[in-house]
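S.K.: So you can see what is in the structure, the chains are spelled out below.
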Amino acid sequence: MNLNETTVTKDFHVEAPLTPKRTRWEEFWLLFGQNRLAILGLLIFILFFCCAITGLFLTSGSKPIFDPSLVRLEEKLRPPFSKPNLDLLEPDQVPTLNFYLMGTDDLGRDVFARMLQGAWVSLTVGFVAVGISVLIGIFMGGIAGYFGQHYLKIDHILLTLLLVSGTGLIILDVIRFGAALLLLCLAYIVYAVLTRHRSKKKASPSWGAMFHINAVSVDTLIMRIVDIMLCFPSFFLILTVVAILPASIYNIMIVIGLTSWMGTTRFVRAEFLSLREQDFVAAAKALGIGNFRIIFRHMMPNAVAPVLVSATIGIASAILTEAGLSFLGFGVPPPHATWGNILSNGKNFIFDAPWLTFIPGITILIVVLSFNLFGEGLRDVLNPKLRERH
Amino acid sequence: MKSKNKNNPIILCVKDLKKYFPIRRGFFQKISGWVNAVDGVSFEIERGKTMGLVGESGCGKTTVARLILKLLALDEGKIIYQGIDISGFSEKEMKPHRKEMQIVFQDPFGSLNPRMTVGQSVEEGLRILGLKSHGMRKARLEKLMEMVGMSPDSTDRYPHEFSGGQRQRIGIARALSVEPSLIICDEPISALDVSIQAQIINLLKDLQDQLGLSYLFISHDLNVVGYLCNTIAVMYMGQVMEYASAEDIFDNPHHPYTRSLLAAVPDSEPGKKMEITLPKEDVPDSPAALQGCKYRSMCSMEAPRCRKEQVLFEKIGEKHFVRCWKAMKK
Numbered sequence: 000m001n002l003n004e005t006t007v008t009k010d011f012h013v014e015a016p017l018t019p020k021r022t023r024w025e026e027f028w029l030l031f032g033q034n035r036l037a038i039l040g041l042l043i044f045i046l047f048f049c050c051a052i053t054g055l056f057l058t059s060g061s062k063p064i065f066d067p068s069l070v071r072l073e074e075k076l077r078p079p080f081s082k083p084n085l086d087l088l089e090p091d092q093v094p095t096l097n098f099y100l101m102g103t104d105d106l107g108r109d110v111f112a113r114m115l116q117g118a119w120v121s122l123t124v125g126f127v128a129v130g131i132s133v134l135i136g137i138f139m140g141g142i143a144g145y146f147g148q149h150y151l152k153i154d155h156i157l158l159t160l161l162l163v164s165g166t167g168l169i170i171l172d173v174i175r176f177g178a179a180l181l182l183l184c185l186a187y188i189v190y191a192v193l194t195r196h197r198s199k200k201k202a203s204p205s206w207g208a209m210f211h212i213n214a215v216s217v218d219t220l221i222m223r224i225v226d227i228m229l230c231f232p233s234f235f236l237i238l239t240v241v242a243i244l245p246a247s248i249y250n251i252m253i254v255i256g257l258t259s260w261m262g263t264t265r266f267v268r269a270e271f272l273s274l275r276e277q278d279f280v281a282a283a284k285a286l287g288i289g290n291f292r293i294i295f296r297h298m299m300p301n302a303v304a305p306v307l308v309s310a311t312i313g314i315a316s317a318i319l320t321e322a323g324l325s326f327l328g329f330g331v332p333p334p335h336a337t338w339g340n341i342l343s344n345g346k347n348f349i350f351d352a353p354w355l356t357f358i359p360g361i362t363i364l365i366v367v368l369s370f371n372l373f374g375e376g377l378r379d380v381l382n383p384k385l386r387e388r389h
Numbered sequence: 000m001k002s003k004n005k006n007n008p009i010i011l012c013v014k015d016l017k018k019y020f021p022i023r024r025g026f027f028q029k030i031s032g033w034v035n036a037v038d039g040v041s042f043e044i045e046r047g048k049t050m051g052l053v054g055e056s057g058c059g060k061t062t063v064a065r066l067i068l069k070l071l072a073l074d075e076g077k078i079i080y081q082g083i084d085i086s087g088f089s090e091k092e093m094k095p096h097r098k099e100m101q102i103v104f105q106d107p108f109g110s111l112n113p114r115m116t117v118g119q120s121v122e123e124g125l126r127i128l129g130l131k132s133h134g135m136r137k138a139r140l141e142k143l144m145e146m147v148g149m150s151p152d153s154t155d156r157y158p159h160e161f162s163g164g165q166r167q168r169i170g171i172a173r174a175l176s177v178e179p180s181l182i183i184c185d186e187p188i189s190a191l192d193v194s195i196q197a198q199i200i201n202l203l204k205d206l207q208d209q210l211g212l213s214y215l216f217i218s219h220d221l222n223v224v225g226y227l228c229n230t231i232a233v234m235y236m237g238q239v240m241e242y243a244s245a246e247d248i249f250d251n252p253h254h255p256y257t258r259s260l261l262a263a264v265p266d267s268e269p270g271k272k273m274e275i276t277l278p279k280e281d282v283p284d285s286p287a288a289l290q291g292c293k294y295r296s297m298c299s300m301e302a303p304r305c306r307k308e309q310v311l312f313e314k315i316g317e318k319h320f321v322r323c324w325k326a327m328k329k
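First to last, the protein sequences are chains A and B.
Position one of the first sequence corresponds to residue 0 (numbering that gives the first Met the number 0), numbered consecutively onward.
Position one of the second sequence corresponds to residue 0 (numbering that gives the first Met the number 0), numbered consecutively onward.
Do not rely on the hints blindly, as some may be mistaken.
Said to hold, decoys possible - With a straight-line Cα cutoff of 30 Å, these simulated BS3-like cross-link-like pairs (lysine-lysine) come out:
1. LYS94/B <-> LYS307/B
2. LYS91/B <-> LYS152/A
3. LYS325/B <-> LYS314/B
4. LYS204/B <-> LYS14/B
5. LYS204/B <-> LYS77/B
6. LYS318/B <-> LYS77/B
7. LYS152/A <-> LYS94/B
8. LYS17/B <-> LYS152/A
9. LYS91/B <-> LYS137/B
10. LYS137/B <-> LYS98/B
11. LYS314/B <-> LYS77/B
12. LYS29/B <-> LYS152/A
Claimed, not checked - Listed next, with one range per pair, are the computed distances between beta-carbon atoms:
13. GLU26/A <-> LEU70/B: 26 to 34 Å
14. SER56/B <-> LEU161/A: 47 to 55 Å
15. LEU161/A <-> GLY25/B: 28 to 36 Å
16. LYS204/B <-> PHE27/A: 35 to 43 Å
17. LYS204/B <-> GLU276/A: 30 to 38 Å
18. GLU26/A <-> GLU313/B: 54 to 62 Å
The set of hints was computed from the structure by calculation and includes no laboratory data.
Only a predicted model underlies this, so the values are computations on that prediction, with no experimental measurement involved.
Every residue, glycine too, gets a C-beta built ideally from N, C-alpha and C.
The following block holds chain B by itself, in its conformation from the complex (with noise of 0.2 Å):
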């Protein structure tokens, strides 16, 4: 793979990501208050290496995604990739560095342009990275057709003649063109059955030992980001809740979330009953339940200090951060 700073083992690094939206009423679409869509994300990956983002849906995580990439400004925060903050780049200066992080999406069936043949889509990127001749375009092409398992002459055929699966691997063929050092899946495997997602998932595993590729790795199936992800980052309305490895996410889950989450996970095992700590109330959405801890209110734990204090992301390990005060005294 291209790129400027290889030396750099941290491809991408974010600092407490914040995003707010306006909420407007009335005649004069006067702002009445704001959604706090990501309010403090911070979290590293390493080059070569998957960092899951897990969390409940409307947790924000498509959200970083996008905010990552630059598809929306962010409010907040710093935005590090391989060493360059990219988080004040304009869309003039951003543009040489787009083709470094591509994304793949949940939905297979609206990320690709319905009016263009499989072969143009993957062939914008090619363009993007400046084969001029036709031939040349063309050859990668069918290479990068190939790479994703798909046979060389689907490239003239459109997007609805394909099934899922197939599509998500377009995609994939799609953001690979630019030959980028970064993708983020955004769910790219909740759309899918279960055994065209294996099919995804070990598609991923094999382009990453073949290109070295870093990935983003956004889902809500624990399941697949434990076998696919080195770390874990666990999200609940717009915070990072804990970020750790993979490892430690499992077997030493400090925050009360990350543990009601793993408790929540099916086992194999038929018949075997569950210990679930239901939540004591819905998601809150008061302005003054979302002061304090945002977790305390479904949270098994809750303190009078919970209600008042803002809870920091703090240190408790070796890579492992906290936001709990409740998890860092033990």
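Excised from the complex, chain A in its bound form (with noise of 0.2 Å):
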């Protein structure tokens, strides 16, 4: 190889690049397009989030256009489209439609207005739970994956379980005993920062530097939390809390969240590790790019996609925990109508009212089976060493 013969103008422009040029969102329908399940697995997510939306305006306020709680006794279990007797009714109890979509329960109140209303919470339920459990993740994923070399120190930690326990002490009205464990911190921190002055001078040796030493590392703290909330039941560890709890839809939501986090800070962290490796973002680190930037501009764009495809799926589960929390009499107190509630009702007419278990258990199961089919298919699109076995 001769380089002296080799000469490049200054000028030399570089011929347009190699494909044509398509945007990463067209490349990705193009390839979802060709996953028939994975599309109506979206289509029917799109029609539940219509249904689910307008739902709540059909049946909320004062008088609503689908009245979920109207209470017709003469009305009691009719069968799916059957028409109302108009001779018992009073005119404002008559159906919307002007017939019974989905029947009527053992009250007499229209399955499909209640249907509708339930729609509403299992799509918040899903969808808030999921975005908790997601934030947590990726927030305890990030720092396991990317500070996870760190050192936590002794006291460090005893500091943090003193201060935690004091102000947990004084919520639950120990207040003489948790001031005294805050004061307790307080001179703690008050002392270790005079001392780390006079120690710059000195470099004397304090009787605090004994417990400044090394514990656990970060990554082996955050892992070793997900492998213990990992063993609890947590269908039944929600089942304690919600007990505890007042019964509300908020408190389900954020019980759901808290316990289905594991999973997602997982693979961000797996994510993470591999990462932290590649050139591009020790490129980063060579331009002096901040911490925080490199995690949230340059990692987390590489790192969201199977924490997308959790999240689908994980909305099906959240939505199937609170069904079934429902179903047990732990849900959404029960004038709100959720679909867990309504099977849970429905199972004592199972011979009778077949319609009241059928219509809600089936909803159910198309719903949750649409999102897995929808994560799955986001699952092989944004996986390209999958993509080969279609």
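Reassemble the complex: the two chains are provided individually, in unrelated frames, and hints are given to aid placement.
M.R.: As structure tokens, then:
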């Protein structure tokens, strides 16, 4: 190779890039469109989304178009598509569609209206719970993956424990003891700051330094917490927590969210561990970009794909968990309809009025299935290694 | 180029750099040994000049690059950049100095963020440089792309739309974005086609002439290093075996390893038989073999003294250092 002979002029321009210009979004749709089941899942998901939102408007307010809590005792357990007996009903008790699309339940309430109301509950529970779990998961996983090799000092851990227990005691009305713990913390912090200033000059060992030794790495701590959380049978944990807390839809969302972040954490940590060693992250560090910008601008976009997939499937399982809780009577309090408590009511009349069981049951099945299909389609598109199989 | 200390003729001085990686074994991850990845590396780079770092794969070249950039914490030694000792700097202290030294990576596929457009990747550096307005950044970005021979309209494309050589140009543009004085080229051409290699090398040379850059050029291709570099350091198993000007290395090599490297360079004349002294055994890794001279098990002139004594890196001429006592006696 004789390099002296090859010369490149300075205003040398490289010809157009290799492939036709196609954005990632277009490429995504091209691949996603090939997976028919995933498309079906997406369509059902969109339909469900629209139903839930229109359902919210149609069933709420002081005079809703579909009243889910209107009791017509004369019209109980009517099968789907049956006409109401207009002689027995007051004018304002007549259903809006002039027939019962999905029948009525044991109190003569319109099941269609109740399903619409329940759709919104399922949707919000699914999204908010998964939102919470994804946020926690990304945060914990990001820290474990990026700062995992840092070590926590024993004194810092002790301090955090004291602070947390002190605050907890004050909240639980054990004010004197809690305040004592907090004061202890404060005293230690003041002491630590003072000795640090002194030790910079004299470098004399203080007794505080005795505890200033490495205990566990951040990665170990977070991943062991994940392991512990995974050991709990989470459905029973939720049952216990819901039994203590006042029954409300928000509590259920939060509890489901707080017990399902472990999978996301593991995914994000694994992605971060491999991304951290990539050259482009080293280049970003060499440029002098800050840690947080590297995490959120450079690494996170490369790590969201598996998170998105697990979130989609997580929504399905959150909907299922909420339905299960409502079925057992721990969910949303009774006047409000959810798919779970419609199913739960219906089971008493399964031979007389099978639609009360089958309609919510099959709806839950279809929605959960569509989310799972959509999630798997996403995974296939976003993971180039699995693409070849189709 | 902006730099605080323009008079200092030595832009980077590395003194006896050492980095050990622990080998962890067993249930408690106890440290059972150490890998001496970099075990005594010293060299200097003059302003506006190029220093070549050559050696076989796994000898610690890339680790040296990462140590200099402080992407890895060093265990011993000194890194003096423009008269400032940066070896003890914390991450915070290092930040203002980061933009002075940049790196171009070997793998053009892993070195660009696949989720950012080329423009965004290069703009990150311009942000660091302190160009606040979007217009200023855009103008500078187009200038940079032109400097490395890319059309300005390629800035809103993603890395996967480019070929290896084009990506390497983009990597160079990103390195140039913060207006550094020193660029560490970590085997920038070994993943490219031969014809593209020539383009990239010429680009690097042109940029050096235009901007007065200094290079640390890491490679295992002696031809390229001979063409591009003013001084050369030859590394073997984490140690610099010989450090001299390019002419001295090629015309007057002292260390047996340098000689065997030069002998292994294929001649341009086809059919000509090469005289290669093959190493006696494979690269040693047992602790006993690591005592004394690291090269002795492969060396053709091994003596009992090589087995016992730690060989020192000593001066034998004007800017000519060798780590071999036999070569010094000559």
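S.K.: Of the numbered hints stated earlier in the document, which are not met by this structure?
M.R.: Failing hint: just 1.
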